[in-house]
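Protein chains: 2
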Amino acid sequence: MRVRGKNYRAVWMEGGDVVVVNQPLLPHKFELLRLKNHKQTAEAIRNMTVRGAGTIGATGAFGLAQAALNISERSMYPFMTRIGKAYALLRDARPTAADLAHAVDRVWFAMADALRTSEGVRPIEAMRRAAVGRANQIAREYVERGESIARVGLKLLRSGSRILTHCNAGWLALVDWGSAPAPIYLAHHKGRKVFVWVDETRPRNQGANLTSWEFLQEGVPHKIIADNAGGLLMQRGLVDLCIVGADRIAANGDVANKIGTYQKAVLAKEHGIPFYVAAPSSTIDPKCPSGAKIPIEERSEEEMHFVWGKDGSKLTKVRVSPERARAVNPAFDITPAKYVTGIITESGVYKPKDIRKAVK
Amino acid sequence: MRVRGKNYRAVWMEGGDVVVVNQPLLPHKFELLRLKNHKQTAEAIRNMTVRGAGTIGATGAFGLAQAALNISERSMYPFMTRIGKAYALLRDARPTAADLAHAVDRVWFAMADALRTSEGVRPIEAMRRAAVGRANQIAREYVERGESIARVGLKLLRSGSRILTHCNAGWLALVDWGSAPAPIYLAHHKGRKVFVWVDETRPRNQGANLTSWEFLQEGVPHKIIADNAGGLLMQRGLVDLCIVGADRIAANGDVANKIGTYQKAVLAKEHGIPFYVAAPSSTIDPKCPSGAKIPIEERSEEEMHFVWGKDGSKLTKVRVSPERARAVNPAFDITPAKYVTGIITESGVYKPKDIRKAVK
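First to last, the sequence lines map onto chains A and B. Take the first sequence: its position 192, counting from 1, is numbered 192 in our numbering, and each next residue is one higher. Take the second sequence: its position 307, counting from 1, is numbered 307 in our numbering, and each next residue is one higher.
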């Protein structure tokens, strides 16, 4: 998607470097980071320089391809030792990110296949080529998933639609396009006059910081609202539908997503407003029977006590609570299937109870 | 209530000065401001140095008494001209604050009565005495209302009760005690082990800034949560009841309160959790038939774009949204009566539909 009129993705590979958008600096500064080796790439995943399921997955995949390219051992055993360490480092960079493990595994398996079938090519070279090829394929697949979600979700939007969204499930999170905003981008590109209410999304402000920034760059009309305001807007008839992303979808259609999603889903139902979840089918976990089985990550309470932002020209954080105050900071919540009107995936809009059908 | 172990009120009078807690510095700095004349007092109301219905009302009342004391004219016409201007200035310092107009009017009428009946005393002196007496009475009434609400609401709390509250309707807002926290303070004083979830309350963070600070000073166990988190806590069975304040209550029991109150009320109903509103009966407006007739103040969007807090030793604000982003900032919402379990006033807990009975 566009940044200052030029098209970008959230992560890509250039030679042996992985290039990423430095997301914590947004929206105040747009900066690309050139990660020179797989340790830097793993660190960028760990410290949340990159975030969002798809972007983390693609970054991990590129990281392993990068390791394969950059590990200069010419004989097999030392190469395998070092690439194995790189694999473990990248795969574990964020323990709860299912896409990361999956993407890194896929690159690893591609390398194993290449090793097995490398006739006429030096085995290490065959593994390098396979790793780069698979990593690029993984990134491309995320982009295509976003495009498919855009096309599928487009039918839910018309000129005049006012959409409420929560958190950021945009192109920054899914290499390009994203999930929840993808149909909005496509509708906007096609000239339909859509408008978006963007939940600020405390405590990390991904809505105010990232979603609003993405929409500004693409020219999508929107306004930021406090997470407290959606109910009033619904009551006044100013919200036609909700579209949010998902971190994980259980087999029964329960949805884990950013804290606050559940509140909006209950309010939408109370007002008879359709509540859609948009997510690539990789988000669906058919082995997870229900939301009750999804653990909720409890993050540091420091995220509640301090707010990041720009003070004049410098980025800083300010304390917004009393010095000795305590807080709790659950990062996700579970929206039971009964509050979800439909789940928008690459292959169609599914009723939550039918979501298993979306898994290939 | 206590601050560093010593008892304070949010506003009081000392000679010709009005002394107030400088609320915008909280929770980072506890500072008393000595307002030397009624213009300073009006300005403290206008710029929200003092906030909360009761505290604003009492400050306005003290401001007019202060004007009566400080206007040194000895003859009637010039005194009346100047006190009339002071009356208008104080009464209009915050146009939407019903308590302010009401309190300033009461001091004004007391002065008029004193003028009419001032036998044996110089009329100006009689007016001064009446003004100071009435202003002190008004402040005392707010304190007594909080004490009554505390006693009435106490029966809803037991040892182990986990209460969710929103915004600040504490002693800072009502001279002393407050409304929503008043029963909590009393239960805590009586040794019942209550625990409070304190909504951060974006965009102005009154929960994190003021309610948490009040509770810390009194030793009430609590934790701050994002406004997004209440739904999850209810879903997990961690909330026994909600108690919030009110800015205005319509004759049909609809409640206007800080933005986000409505969302919590809908969620409480969805989970079968009692949702109480605590408010002095002066908050009830029998002439207002329903919430639909209550205008919602739309405040500056700057409150969304910037967050105040402490950076090291200095208080500053940081921008939390992209430079060109727009936001909307409705300050209040309406909670329809059907979501309210009961309204705690000085004289009892009323069903919302019976709230007219609470008006004397």
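Since the hints were derived computationally from the structure, they do not count as laboratory data. Check the hints yourself; a few may be wrong.
To be verified - The calculated BS3-like cross-link candidates involving lysine-lysine, where the alpha carbons are at most 30 angstroms apart (straight line), are:
no., chain 1, residue 1, chain 2, residue 2
1, B, K85, A, K314
2, B, K310, A, K314
3, B, K314, A, K310
4, B, K293, A, K223
Treat the numbers as computed from the prediction; the structure is a model and nothing was measured.
Going through the hints against the structure:
1. Between K85/B and K314/A the alpha-carbon distance is near 46 angstroms, which puts this suggested pair outside the 30 angstroms criterion.
2. The straight-line distance between the Cα atoms of K310/B and K314/A is roughly 15 angstroms, inside the 30 angstroms bound, and the hint therefore holds.
3. This hinted pair checks out: K314/B and K310/A have alpha carbons roughly 15 angstroms apart, not beyond 30 angstroms.
4. Restraint check for K293/B and K223/A: satisfied, since their Cα atoms lie roughly 26 angstroms apart, inside the 30 angstroms limit.
In this structure, the one hint that does not hold is number 1.
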